[in-house]
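S.K.: Okay, here's what each chain looks like letter by letter:
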Amino acid sequence: MSYDEWLRQDRLPHIYCAGCGNGTIINCTLEAIDGMGWKKDETIFVSGIGCSSRAPGYIVTDSLHTTHGRALPFATGVKMARPGFHVVVFTGDGDLAAIGGNHFIHACRRNIDITVVCMNNQIYGMTGGQGSPTTPMGALSTTTPFGSAEPAFDLCELAIAAGANYVARWTSYHVKELTKAVKVGMETPGLSFIEAMVQCPTNYGRRNKFRQVLDQVEYFRSHSMMRLKYLQHEERGEPVPDATIVVGEFVNRKRPVMGLPK
Amino acid sequence: MLEITEGSHAVAKAVKMSRPQVIAAYPITPQTHIVETLADMVADCELDAEYITVESEFSALSACLGASAAGSRTYSATTSQGLALMFEVCFNVSGMRLPVVMTIANRALGAPLSIWNDQQDSISLRDCGWLQFYAEDNQEATDLHYIAYKVAENPEVLLPAFVCFDGFILSHTYEPVDMLTQEDVDRFLPPYKPVQKLDADDPISMGMYATPDYYLEFRYEHDQAMKRAKNAISKAGKEFGEMFGRDYSALVEGYRVEDAETAIIAIGSLCGTVKDAIDEMRTAGKKVGLLKIRCFRPFPADEIRDALSHVKRVAVLDKNISVGAKGAVAIEVRDALYGKTMPVLGYVLGLGGRDVRISDIKNIVSLAESGKGDQFYGLRTEVL
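Chains as they are written, first to last, in the numbering used here: chain A, 1 to 262; chain B, 263 to 646.
Treat each hint with caution, since some may be false.
[Said to hold, decoys possible] If we take Cβ atoms under 8 Å as the criterion, some of the chain B residues that face chain A in the derived model are:
id	residue
1	P289
2	I290
3	T294
4	V297
5	A301
6	E308
7	E317
8	Q343
9	S376
10	G534
11	T535
12	D538
13	L629
Don't read these hints as lab results, they were simulated from the structure.
Computed from a prediction, not measured in an experiment: that's the story for all the values here.
From the three backbone atoms N, C-alpha and C, an ideal C-beta is built for every residue, glycine too.
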């Protein structure tokens, strides 16, 4: 494993809080890239705004750190101009599902050949913990002090409905599975969407009774259910607890793809 | 009552006492403390308002537009890229003549990304038809919200308003602020009575097409309203002064400028530093004064001309740059002083949070005295 080679050592230490899950996701992604054998000068990272979007700044390749929510349109431009390049987008729930929600569904609809890794911490972490579109009902944030009253997005179902070729969800607990999913996503032509649930001890965990970093990682472990098992429950009409995190590969299909090299 | 409070919290309290009925906001540094405090107030039933956690700044101002059109007093707050994203809606709100009040915690615009203070964000929206107030300190930032609502909702005006205060420098600074009581605010700012609103019993359409036969007149009326706002601001500011002792009737405010040879023009928190520099320069025998622009829209051209007709030179400090021209304030001040013979020299400084100190103000006065201006000040030439 040589993901260290992909990191800009001179930019470390990073800005992430102690216990943040984003580093895990970056490492998994870089390991997947390493496994792909991609070259540094043929790989481009694109991001928007937020904690997740700081990631490309720590990686040695070319990168675009763009405006809030717009990583996907910027990445679309890069991919269309240089179809031979590998384009990876780091994004977060606020960036992708709130302010950039429109771009998300259209990138999936076009099925452009990029890999999107979403670090879903269920909160606006960088600005201090405001409720986001993936903040669960009832969860506390600085703008929902008595609990969020709005239902949360299921980003994977959204990506499937909008047309992405590859969709998977794992968590910061599932390091090996996540790394594999990112790699399979990179191997799959079209838009690959990999959602990675991450702990945010500073702004989500401490407001929602995860007193230790590992409490939230343990929650991810104990509340995860494989997609196939979930579907079996659904088929049999058996109830599944609301807090279940459905993980695994959601879809791997071959819709027509935009942005492949000619 | 004097309270030691963070600027953002003081603003949130002023907003609460202004009794907005709908608040829609999207988090962005350094605005967040304002809207988080308001979210708490709504959740704790201290403020009877709808608080909408929207998915973008575009949606925030759009929701405010809708709520204002439906007859509510509305509020939002943003800064920088958030304001830039609102650009389209800003024109719609002002064009529909809806008195939305929005706090801008001034911050630089990317790229490169910066979360630190300058005034490029709101100054860049100078043409969008909103009133623009700038606060020197948190007392002024607080008071200007009451005045902003009063002027914005004045039937002679009916324009939305930005209340701008410098991000971090003011928004995150604890200062003593004399907070009004709810009774005080209610006396000054009665409930909002819309001149017209969306009403199923008496339907109207807002924002429809204006063909070339009408569009020019809409813009003319908009501009006339902005001109009428000057009187409305003076009147509201005077009334505020009579009631609470702090007079905001002037759109510009002089500091030791009456007998000054060099006049500095500045906006926002920079004025405090300039005043300290002036005191030191006065002690050293230099006749320097400040003209603070509190209200940038409507632009107080006549007031600037009246206040500065006697000075030998004017140094304008801009925390913004109209790239390819100059700082926006310098351009407008020079226009206001058209026909006068004194040089009007512009200095672009403090962009992206670069600190401006008393020594910098003194250096700028020396530059102005030697006729050097229309330049960036404080460049680190070693990195160029």
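S.K.: All hints are to be evaluated individually against the structure, with a verdict given for each.
M.R.: Verification of the supplied hints:
Here the hint on P289(B) is kept, as its CB sits about 4 Å from the closest CB of chain A, short of 8 Å. Because the closest C-beta pair between I290(B) and chain A is about 6 Å apart, less than 8 Å, the hint holds. Restraint check, T294(B) versus chain A: the minimum CB separation of about 5 Å is within 8 Å; hint holds. Residue-level restraint check for V297(B) holds (minimum Cβ-Cβ distance to chain A is 7 Å; threshold 8 Å).
This hint holds: A301(B) has a C-beta 4 Å from the nearest C-beta of chain A, less than the 8 Å allowed. About 12 Å separates the beta-carbon of E308(B) from the nearest beta-carbon of chain A, more than 8 Å, and the hint is not met. Against a cut-off of 8 Å between C-beta atoms, the interface hint on E317(B) holds, since the closest Cβ of chain A lies about 4 Å away. Because the smallest distance between the Cβ of Q343(B) and any Cβ of chain A comes to about 6 Å, under 8 Å, the interface hint for this residue holds.
Annotation: interface hint on S376(B) violated; nearest CB of chain A at approximately 12 Å, more than 8 Å. For the restraint placing G534(B) at the interface with chain A, the shortest Cβ-Cβ distance is roughly 27 Å, beyond the 8 Å limit, so the hint is violated. Of the supplied interface hints, the one on T535(B) is violated, with its beta-carbon coming no nearer than about 28 Å to a beta-carbon of chain A, more than 8 Å. About 32 Å separates the beta-carbon of D538(B) from the nearest beta-carbon of chain A, more than 8 Å, and the hint is not met.
Against a cut-off of 8 Å between C-beta atoms, the interface hint on L629(B) is violated, since the closest Cβ of chain A lies about 36 Å away.
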